[in-house]
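Enquirer: Full structure from sequences and hints, please.
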Amino acid sequence: MPGSESETIITISDVLEFLFCPRFIYFMHCLGIPQHEEMRYKVLKGRDVHEMRRTTNIDYARKKIDCMRKERQVFIAAKKHHIKGIVDEVLFLGDGTAAPLEYKFAEYKDRIFRTYKYQLTLQALMIAENYGVEVNRGYICYTRSNNVVKQIDLKKKDFDKSVEIIMDILEIIEKGFYPDRTKDTVKCVDCTYRNICV
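In full-length UniProt numbering, the protein residues as written are 1 to 198.
There could be a bad hint or two in this list.
Restricting the straight-line Cα-Cα distance to at most 20 Å, the calculated cross-link-like pairs of lysine to aspartate or glutamate (DMTMM-like) are [stated by the list, open to error]: (1) LYS104 <-> GLU71; (2) LYS161 <-> ASP110; (3) LYS79 <-> ASP190; (4) LYS64 <-> GLU7; (5) LYS80 <-> ASP110; (6) LYS183 <-> GLU164; (7) LYS156 <-> GLU129; (8) LYS155 <-> GLU71; (9) LYS84 <-> GLU134; (10) LYS79 <-> ASP180; (11) LYS79 <-> ASP66; (12) LYS80 <-> GLU171; (13) LYS84 <-> ASP160; (14) LYS79 <-> ASP153; (15) LYS84 <-> ASP168; (16) LYS155 <-> GLU134; (17) LYS70 <-> GLU107; (18) LYS150 <-> ASP110; (19) LYS79 <-> GLU129.
Between beta-carbon pairs, the in silico distance windows are [what the hints assert, rightly or not]: (20) ASP153 <-> GLU107: 17 to 25 Å; (21) GLY176 <-> GLY96: 41 to 49 Å; (22) GLY94 <-> GLY176: 18 to 26 Å.
Since the hints were derived computationally from the structure, they do not count as laboratory data. All values derive from a computational prediction rather than experimental measurement. Every residue, glycine too, gets a C-beta built ideally from N, C-alpha and C.
Expert: In structure tokens:
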């Protein structure tokens with residue numbers, strides 16, 4: 001299995017694709033077949049929301065969270081953890097810790113998707129590595145629920161699992177390993193790769 005000596009850097013999007021189905025990584029990285037996600041409405045709308053938030057002055061964080069300062073649209077690469085990506089906002093909190101905040105073009109329905117939690121955990125890894133600060137929680141802003149902000153606590157097991165997933169992805173990319181597909185066959189119905197996935 002690839003270790004810390006690997007120089008491959010993956011993206012947070014790669015991890016989210018892996019969580020959808022591990023074979024996405026094989027088709028995208030080993031075979032070089034793109035999935036054309038730019039055609040999906042929610043992806044496009046989500047990008048519009050991110051752009052609107054990036055160019056709008058919002059002070060909710062100081063009101064609802066003990067936020068001393070924040071940085072927006074931060075590109076971070078963490079070589080130690082082989083991961084890179086953009087964090088919508090890095091919040092620096094009154095207790096000396098930091099936290100990622102992500103905007104989601106979604107409604108809050110009394111549950112947090114596991115992909116959201118993994119995204120925040122990966123961002124937390126990158127923030128901790130780059131800023132040298134503890135990160136033990138993250139925030140999701142649900143733009144379709146009047147910008148309600150939900151806190152997600154991040155535990156050691158979350159970080160351990162995220163690192164394990166990164167290592168699994170590196171193994172696929174670097175060894176050309178063909179992984180098992182998702183066990184959730186409902187996802188296969190309109191999958192971009194359904195015609196070549198065997």
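Enquirer: Please go over all the hints and tell whether each is borne out by the structure.
Expert: Now for the hints, and whether the structure bears them out:
1. LYS104 <-> GLU71: The hint holds at about 18 Å.
2. LYS161 <-> ASP110: 24 Å, violated
3. LYS79 <-> ASP190: Given that 20 Å is the threshold and the Cα spacing comes to 35 Å, the pair is violated.
4. LYS64 <-> GLU7: Violated - the C-alpha atoms of GLU7 and LYS64 are around 39 Å apart, more than 20 Å.
5. LYS80 <-> ASP110: 35 Å, violated
6. LYS183 <-> GLU164: 19 Å, holds
7. LYS156 <-> GLU129: 15 Å, holds
8. LYS155 <-> GLU71: It is violated: about 24 Å lies between the C-alpha atoms, which goes past 20 Å.
9. LYS84 <-> GLU134: 18 Å, holds
10. LYS79 <-> ASP180: 27 Å, violated
11. LYS79 <-> ASP66: 30 Å, violated
12. LYS80 <-> GLU171: 16 Å, holds
13. LYS84 <-> ASP160: 17 Å, holds
14. LYS79 <-> ASP153: Violated. LYS79 to ASP153 sits at ~24 Å, over the 20 Å cutoff.
15. LYS84 <-> ASP168: 16 Å, holds
16. LYS155 <-> GLU134: Status holds; Cα separation ~12 Å.
17. LYS70 <-> GLU107: 24 Å, violated
18. LYS150 <-> ASP110: Measuring from Cα to Cα gives roughly 10 Å; hence the hint holds.
19. LYS79 <-> GLU129: Holds: LYS79 and GLU129 sit about 9 Å apart, inside 20 Å.
20. ASP153 <-> GLU107: 17 to 25 Å: Hint holds: Cβ distance 22 Å, inside 17 to 25 Å.
21. GLY176 <-> GLY96: 41 to 49 Å: 44 Å, holds
22. GLY94 <-> GLY176: 18 to 26 Å: Between GLY94 and GLY176, where Cβ atoms are some 48 Å apart, the hint is violated.
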